[in-house]
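*Asks:* Sequence:
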Amino acid sequence: MGPLIPNGLIPVEWNFVIAILIGMAFGYILEASGFSSSRKLAGVFYGYDFVVLKVFFTSAVVSVIGLYYMDYLNFVDISQLYIQPTYLWAAIIGGMIMGVGFLAGGFCPGTSFCAAAIGKIDAMAFTLGLVIGIFIFAEAFNFIEPLFNGSNLGHITMVDILNISPYWIILIFTIIAIVSFVFSDWVRSKVKKVFY
Numbered sequence: 009m010g011p012l013i014p015n016g017l018i019p020v021e022w023n024f025v026i027a028i029l030i031g032m033a034f035g036y037i038l039e040a041s042g043f044s045s046s047r048k049l050a051g052v053f054y055g056y057d058f059v060v061l062k063v064f065f066t067s068a069v070v071s072v073i074g075l076y077y078m079d080y081l082n083f084v085d086i087s088q089l090y091i092q093p094t095y096l097w098a099a100i101i102g103g104m105i106m107g108v109g110f111l112a113g114g115f116c117p118g119t120s121f122c123a124a125a126i127g128k129i130d131a132m133a134f135t136l137g138l139v140i141g142i143f144i145f146a147e148a149f150n151f152i153e154p155l156f157n158g159s160n161l162g163h164i165t166m167v168d169i170l171n172i173s174p175y176w177i178i179l180i181f182t183i184i185a186i187v188s189f190v191f192s193d194w195v196r197s198k199v200k201k202v203f204y
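Per the working numbering, the sequence shown runs over residues 9 to 204.
Quick caveat, the hints were computed from the structure, so don't treat them as lab data. Being a predicted model, the structure only gives us computed values, none of them experimental. Careful, some of the hints might be misleading.
Stated by the list, open to error - Quick list of in silico lysine to aspartate or glutamate cross-link-like pairs, EDC-like style, CA-CA up to 20 Å:
| no. | residue 1 | residue 2 |
| --- | --- | --- |
| 1 | Lys62 | Glu39 |
| 2 | Lys62 | Glu147 |
| 3 | Lys48 | Asp193 |
| 4 | Lys128 | Asp193 |
| 5 | Lys48 | Glu153 |
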């Protein structure tokens, strides 16, 4: 039963090997999906291209259904999976900063590295800005630490917040994804002539 490494089914030495292979596969999928194009990524904000929204929604829905199905079959123990702690205000402020950067530069951190790896100059500039931002954050951390740690809600999930079955959340999330796909196609049909 998974997770495989914590349960000793795969030696811990394979941790980094598996991480590198997953990273390479993820980079390939980003590039194959067109995520190295800042025009395609920014298209979500301008309404002319929703591939990013569709790929991320699809991957999230498939992943969560797959995880809970494997839990049902006793291949994975959901209770053993690590959940990143929620730092509420840090996430809100960081999300706003990243959103502005995403809109202005056309990349998020992952896609900027993907595009920089294939030689795109704008992505290299964005990645340099990303490194500078990380340096500024690290140097200013002592000053912003009270804000960062003051909103720690712990390892919470939507199941904890709403106190309902995870299967209902998966169903609701799937319906939201389908509605988003239909709505995004409608929006794209209205603005396509303006951008092409």
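*Asks:* With reference to the structure, classify each hint as holding or not holding.
*Replies:* Each hint, compared with the structure:
1. Proposed proximity of Lys62 and Glu39 is supported: the alpha carbons are some 15 Å apart, at most 20 Å.
2. With a C-alpha separation of about 37 Å, the suggested pairing of Lys62 with Glu147 is violated against the 20 Å cut-off.
3. A distance of roughly 15 Å separates the Cα atoms of Lys48 and Asp193; the hinted pair therefore holds under the 20 Å criterion.
4. A C-alpha spacing of about 29 Å is found between Lys128 and Asp193, which places the hinted pair above 20 Å, so the restraint is violated.
5. Pair hint Lys48 plus Glu153 does not hold up; C-alpha atoms about 36 Å apart against a cutoff of 20 Å.
Of the numbered hints given earlier, the model fails hints 2, 4, 5; all others are met.
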